[in-house]
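**Q** Residue numbers (our numbering), protein chains in the order written: chain Y, 1 to 245; chain L, 1 to 125.
Source of the hints: derived by calculation from the structure; they are not laboratory data. Hints may be right or wrong, so weigh each one.
[To be verified] Heads up, incomplete: computed chain L residues facing chain Y, CB under 8 Å, no partners named:
1. PRO16
2. THR61
3. ALA62
4. LEU63
5. LYS70
6. LEU71
7. MET82
8. PRO83
9. ILE84
10. THR85
11. LEU88
12. GLY89
13. GLY92
14. ILE93
15. GLU113
[Claimed, not checked] Below, simulated EDC-like cross-link-like pairs (lysine to aspartate or glutamate); rule was C-alpha separation at most 20 Å, straight line:
16. LYS239/Y - GLU113/L
17. LYS109/Y - ASP136/Y
18. LYS103/L - GLU113/L
19. LYS239/Y - ASP49/L
[What the hints assert, rightly or not] What the simulated footprint calls covered on chain Y by chain L, stretch by stretch (three residues with Cβ under 8 Å from a Cβ of chain L suffice, anywhere in the stretch; the number is not a length):
20. 125–136
21. 143–149
22. 153–166
23. 184–192
The model shown is predicted, which means the values in this text are computed figures rather than measured ones. Just so you know, even glycine gets a beta-carbon here, dropped at the ideal spot from N, CA and C.
So the chains spell out like this:
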Amino acid sequence: MPSDVDSTADEQSNGYWFRRGLAGIISAPAFILMASFVGFGGLAREAGWSAGEAAFITGFIWALPSQVVFIGSVAAGASFGAIIIAVALSAVRLLPMTVALMPILRDPKRPGWVYYPASHFIAITAWVVSMMRLPDVPRGGRLAFFLGFGMSLTVCNVAVTLLSHQLAGTVSPVIAAALVFLTPMYFLVALWSAARMRADYLALITGLVLGPVFHHVDPEFDILWAGILGGTLAFGLHKIMERWS
Amino acid sequence: MNDLAHLPFFGAATAPVWAPYALIVLAGVLPTAVWRWAGVALAGRMSPDSEVLTWVRAVATALIAAVIAKLVLYPSGALADMPITLRLGAAGIGFLAFVTTGKNVLVGVLIAEAVLIAGQVLVYG
Chain Y
1 MPSDVDSTAD EQSNGYWFRR GLAGIISAPA FILMASFVGF GGLAREAGWS AGEAAFITGF
61 IWALPSQVVF IGSVAAGASF GAIIIAVALS AVRLLPMTVA LMPILRDPKR PGWVYYPASH
121 FIAITAWVVS MMRLPDVPRG GRLAFFLGFG MSLTVCNVAV TLLSHQLAGT VSPVIAAALV
181 FLTPMYFLVA LWSAARMRAD YLALITGLVL GPVFHHVDPE FDILWAGILG GTLAFGLHKI
241 MERWS
Chain L
1 MNDLAHLPFF GAATAPVWAP YALIVLAGVL PTAVWRWAGV ALAGRMSPDS EVLTWVRAVA
61 TALIAAVIAK LVLYPSGALA DMPITLRLGA AGIGFLAFVT TGKNVLVGVL IAEAVLIAGQ
121 VLVYG
């Protein structure tokens, strides 16, 4: 399908493309994301958050790494400022993702402000699927498709968070541990498969090593140090290797 | 939840019911949303592959990798009761399965979970 077909027909089809987006919930990426949110419900419960608070976190933060960092920082007794900095650093990858998605999503016929509230639904899974599928959607239907997919993902994962929070209190300790283990395991393989450049792979390795090191040096700011120093080290190595190759 | 008296809204002897939600919005929702809004504002004015954004992505990736290592090495609750060798072994075998199946995320996670549960039940149980 051509990507910039005449949009007179598309304008009536917002409902159609919204429903097509909703249907995207039945897909492998959506299934994997829901499995990883099963782990989040257990993690939030272990840290002492109620089911309603955990569901609020999923619905309004809507970025699993930020959610886990937020819960972990509060549990570690970090100060208000340290929590904000840690969450902000864990979410900074949303900036380049949004910059890359906007030229595909933007429709010159719509007012520019609509993309600010719509951007709430940008997170790894919605981004990957949108980057793959939006070029085949007529430009007039892209925002509707994106909102349909983003809203169905968010609503389903709020429900998964509520259910798994309840479930975590009733299952055996082995299963409860397995639920919590879902989160780091999913992050590990998802980050590795989302990596595009050598700098991304190097950053994953430096972070894995420096996280435990700084845990012993400075437990309050450990992930901040590991992120800033590990990421800068990975970027520096990437530049050096680029020059030599 | 552990002691939160050092945080805003939690200073009183009994924190109001909205205190956790205010904390989530100010320290969780806004620090995440600002990057999406900045991305909308900057789109078309900078390349997603620019040097500064490559560095920014590396910092975020390293920070999340540090979180992964901490969740496996220093967990709390039920996972902490499992031996560290089992946690590391399950993560390692799951990652190997992920790599050898052409980066299949689902296979990696499921194999790691299977090793963790089987190891706990059969070996350490």
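**Q** It remains to establish, for every hint, whether it holds in the given structure.
**A** Verification of the supplied hints:
| no. | hint | in the structure |
| --- | --- | --- |
| 1 | PRO16 | 14 Å, violated |
| 2 | THR61 | 4 Å, holds |
| 3 | ALA62 | 3 Å, holds |
| 4 | LEU63 | 3 Å, holds |
| 5 | LYS70 | 5 Å, holds |
| 6 | LEU71 | 4 Å, holds |
| 7 | MET82 | 6 Å, holds |
| 8 | PRO83 | 11 Å, violated |
| 9 | ILE84 | 11 Å, violated |
| 10 | THR85 | 14 Å, violated |
| 11 | LEU88 | 11 Å, violated |
| 12 | GLY89 | 12 Å, violated |
| 13 | GLY92 | 10 Å, violated |
| 14 | ILE93 | 11 Å, violated |
| 15 | GLU113 | 5 Å, holds |
| 16 | LYS239/Y - GLU113/L | 37 Å, violated |
| 17 | LYS109/Y - ASP136/Y | 19 Å, holds |
| 18 | LYS103/L - GLU113/L | 17 Å, holds |
| 19 | LYS239/Y - ASP49/L | 14 Å, holds |
| 20 | 125–136 | violated (count 0) |
| 21 | 143–149 | violated (count 0) |
| 22 | 153–166 | violated (count 0) |
| 23 | 184–192 | holds (count 9) |
Taken one by one, the earlier hints fail for this structure at numbers 1, 8, 9, 10, 11, 12, 13, 14, 16, 20, 21 and 22, listed in ascending order.
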